[in-house]
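Colleague: Next come the chains, spelled out residue by residue.
Protein chains: 2
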Amino acid sequence: MSAPIVHGGGITAAAASFGGRPDDWLDLSTGINPCPVALPDIPARAWHRLPDRHLVDEARRAARDHYGSGEILPLPVPGTQSVIQLLPRLIEDGRIAVTDERVAVVSPTYGEYARAFASAGFAVDAVDDLAAIGSEHRLTVVVNPNNPDGRVWPTDTLIALHDRMKAAGGLLVVDEAFGDTDPALSLASHAPQLSNLIIFRSFGKFFGFAGLRLGFAIARGDILARFEDWLGPWAVSGPALSIAGSLLRSDVSPIRGRIDERSAGLHAVLKGAGLQISGGTALFTLVADARAGDIYTHLCRHHILVRKFDYAPDWLRFGLTPDPAADRRLGEALQRFER
Amino acid sequence: MSAPIVHGGGITAAAASFGGRPDDWLDLSTGINPCPVALPDIPARAWHRLPDRHLVDEARRAARDHYGSGEILPLPVPGTQSVIQLLPRLIEDGRIAVTDERVAVVSPTYGEYARAFASAGFAVDAVDDLAAIGSEHRLTVVVNPNNPDGRVWPTDTLIALHDRMKAAGGLLVVDEAFGDTDPALSLASHAPQLSNLIIFRSFGKFFGFAGLRLGFAIARGDILARFEDWLGPWAVSGPALSIAGSLLRSDVSPIRGRIDERSAGLHAVLKGAGLQISGGTALFTLVADARAGDIYTHLCRHHILVRKFDYAPDWLRFGLTPDPAADRRLGEALQRFER
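Sequence lines, in order, name chains S and B.
According to our numbering, numbering within the first sequence proceeds without interruption in unit steps and concludes at 339.
According to our numbering, numbering within the second sequence proceeds without interruption in unit steps and concludes at 1339.
A portion of the hints provided could be inaccurate.
So these bits of chain B aren't anywhere near chain S, every CB distance computed over 10 Å [unchecked claim]:
id, residue
1, P1036
2, A1046
3, P1051
4, D1182
5, A1264
6, G1274
7, T1297
Among the chain B residues that face chain S by a calculated CB cut under 7 Å, a handful are [claimed, not checked]:
id, residue
8, R1049
9, P1078
10, L1212
Quick caveat, the hints were computed from the structure, so don't treat them as lab data.
Predicted model only: the values in this text are computed from it and were never measured.
Glycine included, each C-beta is placed from N, C-alpha and C at the ideal position.
Use the sequences and the hints to build the structure in full.
Modeller: Structure follows, in structure tokens:
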């Protein structure tokens, strides 16, 4: 068991240190859409009965059509975190043609990949370039677009990496958790032809329903069957399946429009405060600043939580503000920062 | 990967074979309370944000007070199924003082225990008597009260079994999934003194919220820490934590009263039809009848689903009917069965 990672979302802990009621804080510490659409109707049986097959199947078909995964029906999972935890077991399992114990994680990125593999006894190489991935790596993780710096890798590059991994008997995991705002980046439509590819999609970030704990895995049938077997029956809640079945079939262009509008608002505030934007996606913005630690503390004193990084003390990640009033609140707090 | 187990709750499959709309079927195939209390208010942030620590802590405190586990704060898990899947790993893990590969499951019982251990390569002894458990068993599973036959083991007997398992370096798992209707049977208040005991509790069955996917594990701190680590952050959904925080603090005597009333109604119908009740709990009733297979099919033709058992072709398990009208519907269907 390695030490837990401090993620965004820890408003309770922040309020305990800096005061204020958690509900009064402005939480910019995650990459979750702060403007969710209205909660769809949830039928009573989704709450009260075990999630029945038709609820699962309907969510899978809606996910297939939304993500464009062709003949692959994405597997609903209780948050992509749940399948990140299963990746070491997938390598250990004899039926996947990988036998060594070295994995590559294109880094810096979401910390739970390295943690899951290190916990399971694997050697994890944090590589910053795809060229550093060799035949000794039985599995490679690429988050695309990457969190927190927003780096993106073109489809052709990732397909070539897949083919290289496959030739050596390895697997490529592409985490598209922040992929919904730029669907052209997704490998989902190529997945049926890429047998050693596993794609993870997050439902909660784009739709603004992170509390649901829902993600999807897209991969060849025997890999999805293994995940399903390991997660066991009824892994995903009825309300989550029901909401996914509704929202994945809805017109998402208003959601994209709203996210883009909020992202533009955030950028204007950050630039207005003289901060240098060094990366990000539509759902979050990365700032590089030598005073990052002080800005973080200053914002906490104004009951605004952003995300800092142990491994990159110059970085701060800002999630989207929910509305122009929050933009002004952030802007005013930043103006008061002693330069 | 062993073959999946056919559980109750498969209304979609039953309707595909026997016709009718799934919503029009009477589903008596599970042991879930069919009369749930009203859905409590769920704050918006439970849906939209990552489940924050205070939501988790509040659910844990409510579970501690409800289950009476003293100094142990029960760990919320996304359905007890999720931790059943982790039990083999707990034995494999070097930090638990168990090193052999033989487990005992008091049987017949909920099939996912044997499946999880067999999938992980363990030898599973299905024992029908606690006396058959020996020092060769590194872990024993007892479901109390047992599903589907309703057998119960007194607290003293299970404490003695725990002490015996512990003396040999083994673990005792007591699954109290159906324990809420008879709290006097629970080992929860003894758990702080029983270091090699793991208790599983189900939230959804008694409260009638099986779609939520929520259970609790009660055990010593390092075992719960390991489960928490393996499940990863945010394993349980925000709505589930929020609802648990409300309902576990509510007065549950009306729920028990309603379940008892429904159980009496079901018993009257089954006895009126001349069926022999051979076991059960307040949430389900087991019938033993040489014609069980024919009765099952007959009831399916009337769009009533009960639970049959591959390993006991004479058994049928009837879940509670939701109301007297459903009692009458079941009674009339049974009256039409050709004797």
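Colleague: Closest CB-CB distance from B/A1046 to chain S, is it above 10 Å?
Modeller: violated (5 Å)
Colleague: Once the shortest beta carbon distance from B/L1212 to chain S is found, is it less than 7 Å?
Modeller: holds (6 Å)
Colleague: Using 7 Å as the Cβ threshold, decide whether B/R1049 counts as touching chain S.
Modeller: holds (6 Å)
Colleague: Grab the minimum beta-carbon distance between B/P1036 and chain S and tell me whether it stays above 10 Å.
Modeller: At about 5 Å from chain S, B/P1036 fails to clear the 10 Å cut-off, so the statement is violated.
Colleague: Would you check whether the claim that B/A1264 is not at the interface survives, using Cβ distances to chain S and the 10 Å cut-off?
Modeller: holds (21 Å)
Colleague: Measuring from the C-beta of B/P1078 to each C-beta in chain S, is the shortest one below 7 Å?
Modeller: For B/P1078, the interface hint holds, since the closest Cβ of chain S sits about 5 Å away, which is under 7 Å.
Colleague: Taking the shortest Cβ-to-Cβ distance between B/G1274 and chain S, state whether it exceeds 10 Å.
Modeller: holds (30 Å)
Colleague: Looking at B/T1297 again, its CB stays over 10 Å from all of chain S?
Modeller: holds (20 Å)
Colleague: Beyond 10 Å from every chain S Cβ: check whether that's true for B/P1051.
Modeller: violated (6 Å)
Colleague: Looking at B/D1182 again, its CB stays over 10 Å from all of chain S?
Modeller: holds (22 Å)
Going down the numbered hints, you'll see the structure goes against 1, 2 and 3, while the others check out.
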